[in-house]
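Enquirer: In terms of the numbering used here, the sequence shown opens at residue 16 and continues consecutively.
I should point out that these hints are in silico values taken from the structure, not numbers from a laboratory. A portion of the hints provided could be inaccurate.
[Unchecked claim] Straight-line Cα separation of at most 30 angstroms, DSSO-like style, residue types lysine-lysine; simulated pairs:
(1) K35 <-> K135
(2) K88 <-> K35
(3) K135 <-> K99
(4) K146 <-> K126
[What the hints assert, rightly or not] Listed next, with one range per pair, are the computed distances between beta-carbon atoms:
(5) D32 <-> V107: 19 to 29 angstroms
(6) D109 <-> V49: 28 to 38 angstroms
(7) G67 <-> P38: 11 to 21 angstroms
(8) V107 <-> N43: 34 to 44 angstroms
(9) Q44 <-> D79: 15 to 25 angstroms
(10) L140 <-> G89: 17 to 27 angstroms
(11) Q44 <-> G89: 19 to 29 angstroms
(12) S139 <-> I110: 34 to 44 angstroms
Think of the CB as a built atom: it goes at the ideal place given N, C-alpha and C, for glycine as much as any other residue.
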Amino acid sequence: MILPNPLGTVLAVSGVDNGKPLPLRLINQKGETVGTADVATLTEKCAWAADGSAIYCAIPINPDGRLPDDWYKGLVSFSDRIVKIDSRTGAVTDILARSTFDAVNLFADSKNQFLFFTNKTDSSLWRIKLK
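All chains, full assembly: derive it from the sequences and hints.
Expert: This is the structure:
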């Protein structure tokens, strides 16, 4: 699964192995890995900052089931931690260390002041202040 940054210069790539998410990788236009975040998620749970300097992701805490299929089918849901990942280094910063959200459809506003997302569990809309 791939999510390009707004400038088209870096791709966030996620994958699974035996139904478990792999660490998120950041790849440049040459196909070189420019960063590997020490967190595992699906790119469907991520959104780039408007300037491409960071990617915000919902990281499942103790994911169960065979991913991503069981999650897509609604057989499992997550409680996520929300993080900011530096696109140059892969460094991870917690924004919300623990939640009851299963965050999807993430997007940051143009000034990177807020992160919006939908809670997949009940379809409610949420906003988190970033700065």
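Enquirer: May I ask you to test the hint 15 to 25 angstroms on the CB atoms belonging to Q44 and D79?
Expert: violated, 36 angstroms
Enquirer: Can you tell me whether the CB distance of D109 to V49 sits inside 28 to 38 angstroms?
Expert: violated, 22 angstroms
Enquirer: Range first: 34 to 44 angstroms. Now tell me if the beta carbons of S139 and I110 are that far apart.
Expert: Roughly 18 angstroms apart at Cβ, these two residues miss the hinted range, so it is violated.
Enquirer: Is the hinted range of 17 to 27 angstroms satisfied by the C-beta distance from L140 to G89?
Expert: Given about 19 angstroms between the Cβ atoms, the range holds.
Enquirer: For D32 and V107, compare the CB-CB distance with the range 19 to 29 angstroms and indicate the outcome.
Expert: holds, 20 angstroms
Enquirer: Under the criterion that the straight-line Cα-Cα distance not exceed 30 angstroms, is the pair K35, K135 satisfied?
Expert: Holds: K35 and K135 sit about 19 angstroms apart, inside 30 angstroms.
Enquirer: Can you let me know if the beta-carbon spacing of V107 and N43 is within 34 to 44 angstroms?
Expert: Violated, since V107 and N43 (Cβ atoms, about 19 angstroms apart) do not stay within the stated range.
Enquirer: Could you check the hint for me, namely that Q44 and G89 are 19 to 29 angstroms apart, CB to CB?
Expert: For Q44 and G89 the Cβ distance comes to about 36 angstroms; the hint is violated.
Enquirer: Between K146 and K126, is the straight-line Cα distance small enough, at 30 angstroms or below?
Expert: holds, 10 angstroms
Enquirer: CA of K88 to CA of K35, is that 30 angstroms or under?
Expert: holds, 16 angstroms
Enquirer: Does the alpha-carbon distance linking K135 and K99 stay inside the 30 angstroms limit?
Expert: Holds - the C-alpha atoms of K99 and K135 are around 20 angstroms apart, at most 30 angstroms.
Enquirer: Between the beta carbons of G67 and P38, is the distance compatible with 11 to 21 angstroms?
Expert: Given a distance of about 20 angstroms, which is inside 11 to 21 angstroms, the answer is holds.
Hint compliance for this structure: hints 6, 8, 9, 11 and 12 are broken, all remaining hints hold.
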